[in-house]
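Colleague: The listed protein sequences correspond, in order, to chains A and B. So the first sequence is numbered by this note's numbering: it starts at 1028 and just counts up by one. So the second sequence is numbered by this note's numbering: it starts at 114 and just counts up by one.
Errors might be hidden in some of the hints.
[Unchecked claim] Below, simulated BS3-like cross-link-like pairs (lysine-lysine); rule was C-alpha separation at most 30 angstroms, straight line:
hint	chain 1	residue 1	chain 2	residue 2
1	B	272	A	1331
2	A	1331	B	355
3	A	1568	B	447
4	B	248	A	1561
5	B	248	B	401
6	A	1218	A	1561
7	A	1192	A	1568
8	B	189	A	1561
9	B	391	A	1380
10	B	447	A	1521
11	B	189	A	1243
12	A	1187	A	1590
13	B	347	A	1246
14	B	347	A	1243
15	A	1298	B	176
[What the hints assert, rightly or not] Chain B regions said to be covered by chain A (calculated; three or more residues, Cβ under 8 angstroms):
hint	segment
16	318-326
17	352-366
The set of hints was computed from the structure by calculation and includes no laboratory data. C-beta atoms are modelled at their ideal positions from N, C-alpha and C, and glycine is treated no differently.
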Amino acid sequence: MFMLYKINGVLLVLLVSLSVGDSYAQMLGIKDTAYVTKEVVVTSERLSTFSAGSKITEIDSSAIAQNSTNTLAELLAGQSQVLVKSYSLSGLASSSIRGMNASQTAVLWNGFNLSSAMNGMQDLALLPVNFVNRVKVQYGGAGALWGSGAIGGSIHLNNKPEFNKGITLGRTLSWGSFRDIQDNVTLEFSKNKFISSTKFFQHQAQNNYAYTNVGKYGKPVEQLQNAQMEQRGILHENYLKLSESQNVSVRFWLQNNSRHIPTSMTSSTGKAIQEDNALRLTTEWQCIQKKVSYFSRVAYFNEKLQYTDPAISLISVSYSSAFIAETETKISISKLHTLNLGINNTYNSAITKNYTFSPTQNRTSFFCSNLFTNNSANFKFIGSVREEIISNGLNPFTFSLGSELRILKNFRLRGNLVKNYRIPTFNDLYWAQGGNPNLLPENGYSEEIGLGYMACKNNFAIDYETAVFNSNVQDWIMWIPNTVGIWSPENVQKVWSRGVENDVKIYYTLGKVKFNTGFHYQYILTTAEEIMTKEQSSLHKQLLYTPTEKAIFNFGINNRNLKVQLNYNYIGYRYTTTDNTQFLDPFATLGLDLSKSFTVKNFQVTTFFQANNLTNVAYQMIAYFATPGRSFQFGLSINFNKPNPKP
Amino acid sequence: MMNLFKPSHRLLFIASISVATLLGACTKKNADTIAPVLTDHGIFIVNEGPYGSGTGTISYFSKGLNTLTNDLFQTKNNYPLGNVVQSMNIINNKAYIVVNNANKIEVADANSFVAQAPITGLNQPRYILAVNAIKAYITEWGPTGNEGAVKVLNLLTNKVSGTISTGKGAEKMLLKGNFVYVTCKGGSGKDSVVSVINASSDAVVATINVGASPDGIVEDLNGNVWVLCAGQYKSDYSGLEKSGSLVKINTTTNTVELSIPFTSTSSQPSGLTINGAKNKLYFNYEGKVMSQNITSTALDNTTFVARSFYGLGIDPATEIVYGADAGNYSSAGKVIRYNAATGAVVDSMTVGIIPNGFVFR
Chain A
1028 MFMLYKINGV LLVLLVSLSV GDSYAQMLGI KDTAYVTKEV VVTSERLSTF
1078 SAGSKITEID SSAIAQNSTN TLAELLAGQS QVLVKSYSLS GLASSSIRGM
1128 NASQTAVLWN GFNLSSAMNG MQDLALLPVN FVNRVKVQYG GAGALWGSGA
1178 IGGSIHLNNK PEFNKGITLG RTLSWGSFRD IQDNVTLEFS KNKFISSTKF
1228 FQHQAQNNYA YTNVGKYGKP VEQLQNAQME QRGILHENYL KLSESQNVSV
1278 RFWLQNNSRH IPTSMTSSTG KAIQEDNALR LTTEWQCIQK KVSYFSRVAY
1328 FNEKLQYTDP AISLISVSYS SAFIAETETK ISISKLHTLN LGINNTYNSA
1378 ITKNYTFSPT QNRTSFFCSN LFTNNSANFK FIGSVREEII SNGLNPFTFS
1428 LGSELRILKN FRLRGNLVKN YRIPTFNDLY WAQGGNPNLL PENGYSEEIG
1478 LGYMACKNNF AIDYETAVFN SNVQDWIMWI PNTVGIWSPE NVQKVWSRGV
1528 ENDVKIYYTL GKVKFNTGFH YQYILTTAEE IMTKEQSSLH KQLLYTPTEK
1578 AIFNFGINNR NLKVQLNYNY IGYRYTTTDN TQFLDPFATL GLDLSKSFTV
1628 KNFQVTTFFQ ANNLTNVAYQ MIAYFATPGR SFQFGLSINF NKPNPKP
Chain B
114 MMNLFKPSHR LLFIASISVA TLLGACTKKN ADTIAPVLTD HGIFIVNEGP
164 YGSGTGTISY FSKGLNTLTN DLFQTKNNYP LGNVVQSMNI INNKAYIVVN
214 NANKIEVADA NSFVAQAPIT GLNQPRYILA VNAIKAYITE WGPTGNEGAV
264 KVLNLLTNKV SGTISTGKGA EKMLLKGNFV YVTCKGGSGK DSVVSVINAS
314 SDAVVATINV GASPDGIVED LNGNVWVLCA GQYKSDYSGL EKSGSLVKIN
364 TTTNTVELSI PFTSTSSQPS GLTINGAKNK LYFNYEGKVM SQNITSTALD
414 NTTFVARSFY GLGIDPATEI VYGADAGNYS SAGKVIRYNA ATGAVVDSMT
464 VGIIPNGFVF R
């Protein structure tokens, strides 16, 4: 009993600290507050405690629920300021935050970096929303916390168990346009000290949507060919409370994806197929105490990528694996100082015919953060450092300084200065023909200032934030042809990204009806400022496929169990040539989500309906790649919950 | 309840929304093109277009008016040519534009550039050549990229009437008398032959072993055919396992009369072209444009310009040398013109993305 109180004591401190910088909902406790008392397993401590000064947004749990039969690509595109570049409905979806590209965005799953050592990125179309519980986006660099690749931002996916929920059985089925069928099954046993959860999903779609082929004589309406896909996966999680302060978890994630790769409107139909198979195993031990907490986690990731293109007699098979071990400790040195110390070791290896040998890479990082909080808890200052030692001789050092100040109860001012880096990928280093083993890591500094305003009175709440940032990356890696015509990556340019982001969220309650509205707008310039080759036509020009403007507007009504949500998404001009002579037009899409729940005894039944691109806008995300017009999805979710017998 | 219309609150709203509306208000137009003017004498520039997606284009430089028109096809026809424009040829006053990844040949009037129905049903087409008034040949890499064929095109109907099997990766063609010489570069695989086809019977009459990866082919004033073989990379791409060679074919006997080896184990020669007088060869080698006298039996090693080009051409009427500079391959390329006698730059112009070749008329 006393221990439990202690745990809650720690957690309450944690929540108070969140109130300075974290999202509005937590501060106001509008969300289900019950989890506060149930919280035993801590997810991404570094993000919640040692990221003061950064802009972090959390995707609403209701949006995650609404998107349970979608992928992270669709969720982030509709609900965050992450730019998701998709080639087609299920095609490669890469993330871009603050003008940076996918390999400059870290994607972390329960603290483990998912990015492939081979290409440095994670395809968001391969991550099902129903396999994660919480999604947070950290904008801007955080290399000192997450290491290589966290330059533009980082996406944090966490699984968040709840103890003592009883037995839960759930099934969600959805049917959508273009013969899209998804089936999710959840089995969960949640006892006082033990949780075992298993989730399955199966998803298939033809993606044979009709589009006007503007790349052809007569502009015929055609159906997208060779776009079918099939995905299936299992996520099995176990959590065991060893004592009131200790817990262990084991997770197992296996997923197979088979996607046909459609070609652009300007090419003939292809027959290429890409198969991605992933096995992910993790285990973690946590010991959470008032003064000192310990975390140790280990992961083994194994991925197989097979790309087959009969048109060029190509069968390319690659295997890559990562073994990650990390241990860290959080120490409350005094009432005002909290220290985080940790070591991460990541061992990557790859086998592919595309390299002349099978490379391995060992990386050991030492990281340390110190959080200072003043007596009245309205000021925070964090200093972080990270030293990485890489087996190929590069030893990038990075640091960050961040601070937050709460002024006049409702305002908060924050800022940070971060040194970032990204190490070259295996493809950059070892690709047979062109790989350059002498590449340096990309590196640079970013700075930002944010001013937030939060207020809540009776049935009205507002959360506003404006952020201004400046970021420089030098030794930017690009593949360019050398003098004899062989393509090779080089550290060729300096990139300057800077911009303004505005986010407003308003919540309003009228009787039993809850309204929410959000408006997010960003204006970001990302330009090449120095080019180390004789080709200078892209100097001071905006980077390829990087819009300066992006805006999201959403409006939702929640009346008891009926939810209605409208999402409007605008993406501005994007250049398709580095000299900015050609571009794609801006576009806006409108989406509608409806859901209605019923509860009958232990059963909760939810029906949901999604309409995408309601106004049937023909747009291009990538030049001449067809995108779907108006489409629909209908789904049914049945959940059975039998609570544990009262002791 | 908080009043949204209190000045302090309203300010926050206005700040956010006004930024959006102000900056969102500007609109752009893709680069304007001058109304195309096609004259009797000019140069068509073939621009491949960006890799992966997007479209290639044709630029036209009028010699009489000294004007350049980019993106001629899209401007005239309101649709793009397609992905990877490999080559173009003018046959019976029509422009035949070979679009490799789109498996088609767009056909447009060579004066108005107005398109008619494209030729489809091809498998990775590369080049087209008229062999007589009613027949043309189209080289292809085949459905797997690892085959080689010449498709026979009826020029009266623009329909494919037959297929001739050749070496792998059939590439460039040269018509000499009634015989068509086809370099077989290997496509996605490897090959080292020139297939010789009788243009009347559409039959392969000879297969000549030249060097690895034969690509460019020209005829000199003595009626000899020159083939530039690029050479072949080792399987791990660490260098060339077979260096390039310049081969002279005796067309009477269809045998190799002379093979001049290149010594580099890293540089592949490319871009073979011949001057108007047909006595001097030009090609890229070791990052330079080299010239070679047709009477030499070894490499002249004469540097014409100390840089290389993605495409080379010589205007037979003026002897001006045209170099196509693809730049960074993802922005507008350049064409640089040189005086053939001195190697001095005449002028340069900005064309489409990845210019690779020229058609002179």
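Colleague: Tell me the hint numbers this structure goes against, listed in increasing order.
Modeller: 1, 2, 4, 5, 6, 7, 8, 9, 13, 14, 15, 16, 17
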